[in-house]
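Just so you know, the sequences run in chain order U and W.
If you use this note's numbering, the first sequence corresponds to residues -5 to 198, in order.
If you use this note's numbering, the second sequence corresponds to residues -5 to 198, in order.
Please note that a few of the clues may not be correct.
Identical copies carry no separate label here, and so any pair may be met within one copy or between two of them.
As the list claims (entries may be wrong) - Here are the simulated lysine-lysine pairs, BS3-like style, with alpha carbons at most 30 Å apart: (1) K154 <-> K195; (2) K195 <-> K79; (3) K122 <-> K(-3); (4) K110 <-> K122; (5) K12 <-> K184; (6) K110 <-> K27; (7) K122 <-> K(-4); (8) K184 <-> K17; (9) K184 <-> K122; (10) K(-3) <-> K105; (11) K12 <-> K80; (12) K148 <-> K184; (13) K(-4) <-> K80; (14) K141 <-> K154; (15) K(-3) <-> K154.
I should point out that these hints are in silico values taken from the structure, not numbers from a laboratory.
2 protein chains.
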Amino acid sequence: MKKTGALFIVCGPSGVGKGTVCKELLRVKPEVKLSISATTRERRKGEIEGVNYYFIGKSNFQDMIKSGGFLEYAEVYNNLYGTPKKYVLEQLDMGYDIILEIDPQGAMQIKEKFPKGIFIFLLPPSMKELRNRIISRGRDDEDNIEKRLNCAYKEIDFIKEYDYYIINDDLSNAVNSLVSIIEAEGCRVKGNVDELIKMYKEEV
Amino acid sequence: MKKTGALFIVCGPSGVGKGTVCKELLRVKPEVKLSISATTRERRKGEIEGVNYYFIGKSNFQDMIKSGGFLEYAEVYNNLYGTPKKYVLEQLDMGYDIILEIDPQGAMQIKEKFPKGIFIFLLPPSMKELRNRIISRGRDDEDNIEKRLNCAYKEIDFIKEYDYYIINDDLSNAVNSLVSIIEAEGCRVKGNVDELIKMYKEEV
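Could you put together the complete structure from these sequences and hints?
Structural data, given as structure tokens:
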């Protein structure tokens, strides 16, 4: 039976642990493909081109916008981030499930262009804990921390736009939930009705 | 966060292995409750009252129909089967997930009365294999085997009414899929939006 892959969009406020959860998912379920975003922001220590991001210049990025090369793009804290469309569509067609880790702005653009996507919102155990996580990763000054927290409050208000939520209280629990969602979505009748009926009728 | 349980309806043609899959599910996930059906059919060897079924007389069964005591009921091969409503609603309200193993006739009645249910269709690996399974359990004569297979063909045509399908080629794979579906449905945003928003806003 020919199956198309599904696109899983993992979203959530800055600092909630999207990157860690997705990285661990790829370890336990290596058949899932990761969509690599393009960004104009500077490379952080330890980040690898084509693994963490495609690091591209602002004018290249704007050319890709004009030619419709992005499934979504957004400006976040003065940097551009985007999802190159071609790779995602090719992998889905080949039957692979794809995971895409993005911020809520990008997620809502994807929802418009690709409503078949499965939208997952990662939540912190509490707002207090989110603050602790942002502080402990040590990337932001006090002003930025407040900016991120205010943003998080607003983003949670849009949770109704998502299909699933996962509370990231414990990495392994969160990853297990994500694996269950991916496997359950692989059992969806919708989109496979004709193929399923054909499969049993052709035997006669 | 207060959560309501979900009702999982496991359905599929006669002989596909619904009973075995549900039994194994309860072993690996004992927190799930099984809905016990009432039936007027005779008890088979090894079946226990209140565990496999509530075995009740025809007139008792008809009284319960009249008083609206069933979530669904159906006549299958000259016997009445039904799902007593009270137990299911109570357990859901207490936050338990419930699994209900029924034939496709009953499933469609439940869908009408309880559209929030999660409908799962268990499929055989092939119709040939379904025939083998029906023969090997040794309960049916040739006529009945054909009746069951014809019925199965018709039932598969209604697969679009279901949310999920599971191909029961291997017991442990089928049970894993069922576990994933139950866990993924526990992460659904729908029905929990207000509770989720409240949870984060109340901290302020």
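Exercise. Using 30 Å as the alpha carbon limit, work out where K184 and K17 are close: within a copy, between copies, both or neither.
Key: both (29 Å within a copy, 27 Å between copies)
Quiz item: What label fits K110 with K122 when the C-alpha limit is 30 Å: within, between, both, or neither?
Solution: neither (34 Å within a copy, 34 Å between copies)
Quiz item: Are the CA atoms of K(-4) and K80 at most 30 Å apart within a copy, between copies, both, or neither?
Solution: Classified as within; 21 Å inside a copy, 42 Å across copies.
Practice problem: Measure nothing new, just compare the shortest in-copy and cross-copy C-alpha distances for K12 and K184 to 30 Å and report within, between, both or neither. | Solution: Classified as both; 28 Å inside a copy, 21 Å across copies.
Practice problem: With 30 Å as the alpha-carbon cut-off, assign the pair K122 and K(-4) to within, between, both or neither. | Solution: between (46 Å within a copy, 21 Å between copies)
Self-check item: K154 and K195: within-copy, between-copy, both or neither at 30 Å Cα
Solution: So K154 and K195 pass the 30 Å test across copies only (15 Å; inside, 40 Å).
Quiz item: With identical chains treated as interchangeable, where does the CA-CA distance between K184 and K122 reach 30 Å or less: within a copy, between copies, both, or neither?
Solution: between (40 Å within a copy, 25 Å between copies)
Quiz prompt | Intra- versus inter-subunit Cα pairing at 30 Å for K12 with K80 | solution = within (23 Å within a copy, 42 Å between copies)
Practice problem: Up to 30 Å between alpha-carbons, please classify K(-3) paired with K105: within, between, both or neither. | Solution: Classified as both: same-chain Cα gap 21 Å, cross-chain 27 Å, threshold 30 Å.
Quiz item: Given identical chains, is K148 near K184, meaning Cα to Cα at most 30 Å, within a copy, between copies, both, or neither?
Solution: between (32 Å within a copy, 19 Å between copies)
Practice problem: Please work out whether the CA atoms of K(-3) and K154 approach to 30 Å or closer within one copy, between two copies, in both situations, or in neither? | Solution: both (28 Å within a copy, 16 Å between copies)
Quiz item: Within a copy, between copies, both or neither: where do K122 and K(-3) come within 30 Å Cα-Cα?
Solution: For K122 and K(-3), only the inter-copy Cα distance (23 Å) is at most 30 Å; the intra-copy one is 42 Å.
Of the numbered hints listed earlier, those contradicted by the structure are 2, 4.
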